[in-house]
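Dock chain one against chain two, each of which comes alone in its own frame, and use the hints as you go.
Chains as they are written, first to last, in the working numbering: chain A, 220 to 331; chain B, 5 to 119.
No lab work stands behind these hints: they were computed from the structure. Wrong hints could be hidden among the right ones.
Unchecked claim - Between beta-carbon pairs, the in silico distance windows are:
1. B/R34 / A/L270: 22 to 28 Å
2. A/T330 / B/Q45: 27 to 33 Å
3. B/G20 / A/N273: 32 to 38 Å
4. B/P43 / A/N273: 50 to 56 Å
5. A/N312 / B/L87: 25 to 31 Å
6. B/S55 / A/T271: 37 to 43 Å
7. A/T320 / B/Q58: 16 to 22 Å
8. A/H295 / B/N103: 25 to 31 Å
Stated by the list, open to error - As a list, the in silico DSS-like pairs of lysine-lysine whose alpha-carbon atoms are at most 30 Å apart:
9. A/K288 / B/K61
10. B/K61 / A/K222
11. A/K288 / A/K222
Where is the CB? At the ideal position from N, CA and C, for every residue including glycine.
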Amino acid sequence: DAKTTQPNSMESNEEEPVHLPCNHSTISGTDYIHWYRQLPSQGPEYVIHGLTSNVNNRMASLAIAEDRKSSTLILHRATLRDAAVYYCILRDNTGTASKLTFGTGTRLQVTL
Amino acid sequence: KAGVTQTPRYLIKTRGQQVTLSCSPISGHRSVSWYQQTPGQGLQFLFEYFSETQRNKGNFPGRFSGRQFSNSRSEMNVSTLELGDSALYLCASSLFGQNTNYGYTFGSGTRLTVV
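One chain only, chain B, in its complex shape (with noise of 0.2 Å):
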């Protein structure tokens, strides 16, 4: 089966755009969590979403938003980007999240570069 799929791969932006990311979840899972990764900071949790409804939020400003449509599929958004906002953005999908017999099927990341 297809695994998750984000696009786009890479993705260079000046500072003070917005840009937004996609991911679309493996078939038939329902959660859907964002990371970002950088090299300083290693590999820290965003947001989760299960079923349309943002369940778990990391510590990041508001710039950082996200959602997820019927289908699971998820969006997230950076508003008036920085430069510390280079990052690796990786999306994980799993059947229910919260459950601990599961574990997270990541992508292979969107590159975001902010010059």
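Just chain A, with the same shape it has in the complex (with noise of 0.2 Å):
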């Protein structure tokens, strides 16, 4: 599997909006670009994912460079409740694309 990297940590303050860079160098043409996120005590949650335009949804947006090399995921006004551990993940849309390959993630700090 391609492989993601993301800073360990961040820190952000409420109500501000919080971009999570991931580096995805390896990516290949067939490869969806993930995002899910844990909270403590918690198993994790689909976020948001894409190919190569860059997506909304309720939670999040995703931004996808042109060369599709890394993308941004971003949280638009963070919240207490958005304190989690965000992974970025490459799925394969080809072959056996069953399962998710997680890294160690970025840990989002909020505070007030």
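Spelled out as structure tokens, the structure:
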């Protein structure tokens, strides 16, 4: 599986936007970029995914670089409930894409 | 609709025993995956079942096994427990699993402690 690189931790103030970066320089043309987050004492939660174009949903936005070698998860207004570990994952849409390969993720701290 | 349900939430077992964990997926979801989470290794894929067939397997010893029933509920079994098997075991369900346009929904996990 192609690997992703994320900062170990980031901090944000509440009500401010947060940009969580992810590098995936070895991404292949068939890899989708998925984001999950894990809140304390819970299982991971799906956030968003995309292939080439930027994507928006009620939780976040995903900005994908033109060469697809990096992406950024954007939380428009961070709240204390957004404090979690965020995982950037590549999923191949061919073959056996039935597993998620988690890295170490980015631990986001949100302060008042 | 109900989420992914894992039982039990907490379990303490003795080294050498075996354990069975249960997972009920979201209604209509046919793919069930299992993951192990430890502080040292993070989240690691164990196996995935779809329509009662194991479709993918991670790099774990044969002591780890699973199965899926016709109603999509799944169980995983760990035999001859070792101290290193202490972990949070997470189950995730998805409509189809392999289709990358579908995300996974995770349960809250079963915390297994081996003493």
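Hints and how they fare:
Take B/R34 and A/L270: their Cβ atoms lie about 24 Å apart, and the range 22 to 28 Å holds. Between A/T330 and B/Q45 the CB atoms are about 30 Å apart, so this pair conforms to the stated range of 27 to 33 Å. Taking 32 to 38 Å as the suggested C-beta distance range, the pair B/G20 and A/N273 does not conform, at roughly 53 Å. Taken as a hint, the range 50 to 56 Å is violated for the pair B/P43 and A/N273, whose Cβ atoms sit roughly 35 Å apart.
The given range of 25 to 31 Å is broken by A/N312 and B/L87, whose C-beta atoms sit roughly 39 Å from each other. Restraint check, B/S55 to A/T271: a C-beta distance of roughly 31 Å breaks the suggested window 37 to 43 Å. Taken as a hint, the range 16 to 22 Å holds for the pair A/T320 and B/Q58, whose Cβ atoms sit roughly 18 Å apart. Our hint of 25 to 31 Å for A/H295 and B/N103 holds, since their Cβ atoms are close to 28 Å apart.
Pair hint A/K288 plus B/K61 holds up; C-alpha atoms about 28 Å apart against a cutoff of 30 Å. Distance hint between B/K61 and A/K222 is fulfilled; the C-alpha atoms sit about 19 Å from each other, no more than 30 Å. Using a Cα cut-off of 30 Å, the hinted pair A/K288 and A/K222 holds, with the two alpha carbons roughly 11 Å apart.
Hints 3, 4, 5 and 6 from the list above are not met by this structure, while the remaining hints are.
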